[in-house]
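**Q** What follows is the residue order along each chain.
There are 2 protein chains.
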Amino acid sequence: MSGYTPGEQPPRASKVIKLNTNENPYPPSPKVAEAIRGALESGLQRYPDPHATAFRMQAAELLGVEPDWILCGNGSDDILTIVVRTFVDAGQVIRFAAPSYVLYDTLASLQGAMADVVRYEPDWTLGYRFAQTVDGLRLAILANPNSPSGTMLPPGEVAAIADALPCPLLVDEAYVDFAQTSCVDLVRTNERIMVSRTLSKSYALAGLRFGFIVAQPQVVEQLQKVKDSYNCDALSIAGATAAISDQDWLRANVARVRASRSRLSDELQQMGFGLSESEANFVWATHPTASHEELYLTLKAQGLLVRYMRFPHWGDGLRVSVGTDDQIDALLGLLRELV
Amino acid sequence: MSGYTPGEQPPRASKVIKLNTNENPYPPSPKVAEAIRGALESGLQRYPDPHATAFRMQAAELLGVEPDWILCGNGSDDILTIVVRTFVDAGQVIRFAAPSYVLYDTLASLQGAMADVVRYEPDWTLGYRFAQTVDGLRLAILANPNSPSGTMLPPGEVAAIADALPCPLLVDEAYVDFAQTSCVDLVRTNERIMVSRTLSKSYALAGLRFGFIVAQPQVVEQLQKVKDSYNCDALSIAGATAAISDQDWLRANVARVRASRSRLSDELQQMGFGLSESEANFVWATHPTASHEELYLTLKAQGLLVRYMRFPHWGDGLRVSVGTDDQIDALLGLLRELV
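From first to last, the protein sequence lines are chains E and W. Position 226, counted from 1, in the first sequence is what UniProt numbering calls 226; the numbers after and before it change by one each time, with no gaps. Position 139, counted from 1, in the second sequence is what UniProt numbering calls 139; the numbers after and before it change by one each time, with no gaps.
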């Protein structure tokens, strides 16, 4: 098998404009660096808190649950791995939709599990098959908002899917802070719904590797057994706790990204691109005539990275992360000459 | 199954003397905090380098290999997980010795693999059975130095085991910087030998979560597919690179720990404890008459934690991490009243 390949990462010092990996274009809350400096002062020779208690308490308060409803991970990719390893054995089945986050398929392969892939409808809705029972089905994963489309299913529909499924449903809410709704409240009433989050996108902390999952305590207890004891380091726990405590920063950041997303979407549509309704910090753009791959390569040659994605039985397109207004202007300027 | 349970971690602010989880009693090189502050300055909103190239270059130079012989992990526990998932499928066999690091057994369970446990001889040597072929054997793991004994097999013997085994051998060198020899040079001549290291012990960075493995490039390539893309965060990569670059600090630290280990061992022996020959930053002490569990509980009640360990078909004892001289004096003072 081949492993998962993330988006290109040019050297930090380069002048490349990166609109390819959905990073936040703005720096994180200044309280993050302050908290990390504080944690540095108290030393690194001791093992970190294996339960990341400080973070769990803060996140629990924010989400209106108890701390034992939360489990922390080394990025939400770690959380995804933990969930797959907890619920799925080799030879069993994991269901996910496509096109979606490519890692789900990699995780199924790594576990020796079978992937039951349900294709999105052309309008990015999901047919009834996503909720159907099949032999050996042990876990379903739904990115909501989805990548690359940025679209999402409303919580009521997700609840109906979970009720119909014969197995747990992991709702991957990596991008949810940029959206209007969330499924996190569904966890309270259905123990088979789990919701994962990351601090990489809306909290601008991709470099820190911190994610978490919200699930009922008896589920968290099972996940706990699978995670590495010390999967989060002392600095990331301190930084993540500070980040989630600064909701004012989050709101301001999200407002800024949403405004730029709206402008980016409008301008791309005026150029003739088709766009799905994005609730995330990126847009999925397809052009009726231009070659997406050539656009990607031409932009890249001029120092601007977007993500060119081709999905089997679906087609291809460009996923463009919402950057700063200057970065968006640079992109739009180049595209105007190309399409 | 039950998950792996690490040693107790009292709250950081407590006055407890911790000689139970083999942390380094001294702070890391000051260059670590400096490098982390530098990485903080350059921001956290971007994903980290998925290959931790800066660290790999530095470690490669130190060990006399090329960077593509090295793979980095979120602690060496992450490395162990990656190796197990790369080589062993559910139903196949992992061999390890006992008593040893308890996590090996947890990792086998998590993978749905069978554990083939070879018991150490009473003098902590390993019988021929450790090198024998059995059906389904896909990986052998050897902690060298071993925990809890601190003893090690000489590289020649490890090479002979690897030659006889029908599968890869992972030599877990978490404690090797405190020893006189290492198996890292064996990797060059035998692609089935892999050596894992951690920065938690000798580099005093348990709080940072950073480990690595040395293996031939074609093996590293396989491991790479299994690891999370961004398993090491930007701050830990910066800190770990600074740490491994400061070999003067390492040498001074190791000299200090070894001197204290020697004094601790002598004094415990004078009190009647039996000790194995430790090459690590802890000692394994057994007493012919006193109850180890009672000693542990009495010490704990007085604010001093050592690790009480009981192993099936073997017996129990106390694993005592080498602390500062003051901490060792506190332990010895308490023990003199108890045995």
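Among the hints, erroneous ones may be present.
Stated by the list, open to error - Restricting the straight-line Cα-Cα distance to at most 20 Å, the calculated cross-link-like pairs of lysine to any residue (SDA-like) are: (1) E:300 to E:277; (2) E:225 to W:45; (3) W:31 to W:225; (4) W:225 to E:300; (5) E:225 to W:114; (6) E:15 to E:301; (7) W:300 to W:10; (8) E:15 to W:300; (9) W:31 to E:287; (10) E:15 to W:10.
To be verified - Selected chain E positions facing chain W (Cβ under 8 Å, derived; list incomplete): (11) 31; (12) 36; (13) 74; (14) 127; (15) 128; (16) 131; (17) 135; (18) 205; (19) 230.
To be clear, the hints were calculated from the coordinates, so they are not data collected in a lab. Glycine is no exception: its CB is placed at the ideal position from the N, C-alpha and C atoms.
**Q** Does each hint hold? Answer for all of them.
**A** Do the hints match the structure? See the list:
1. E:300 to E:277: Violated, at roughly 25 Å.
2. E:225 to W:45: violated, 30 Å
3. W:31 to W:225: violated, 32 Å
4. W:225 to E:300: This hinted pair is violated, its Cα atoms lying about 26 Å apart.
5. E:225 to W:114: holds, 18 Å
6. E:15 to E:301: Distance of about 12 Å is within 20 Å: holds.
7. W:300 to W:10: Given that 20 Å is the threshold and the Cα spacing comes to 11 Å, the pair holds.
8. E:15 to W:300: violated, 57 Å
9. W:31 to E:287: violated, 51 Å
10. E:15 to W:10: violated, 47 Å
11. 31: violated, 12 Å
12. 36: Since chain W brings a Cβ to about 6 Å from residue 36 of chain E, closer than 8 Å, the hint holds.
13. 74: holds, 5 Å
14. 127: Because about 31 Å separates residue 127 of chain E from the closest Cβ in chain W, which is outside the 8 Å limit, the hint is violated.
15. 128: violated, 32 Å
16. 131: Constraint on residue 131 of chain E not satisfied, violated at 28 Å.
17. 135: At about 18 Å, which exceeds the 8 Å cut-off, the nearest Cβ of chain W leaves the hint on residue 135 of chain E violated.
18. 205: holds, 5 Å
19. 230: It holds, given that the least Cβ distance between residue 230 of chain E and chain W is near 6 Å, below 8 Å.
Checked against the numbered hints listed earlier, the structure breaks hints 1, 2, 3, 4, 8, 9, 10, 11, 14, 15, 16 and 17; every other hint is satisfied.
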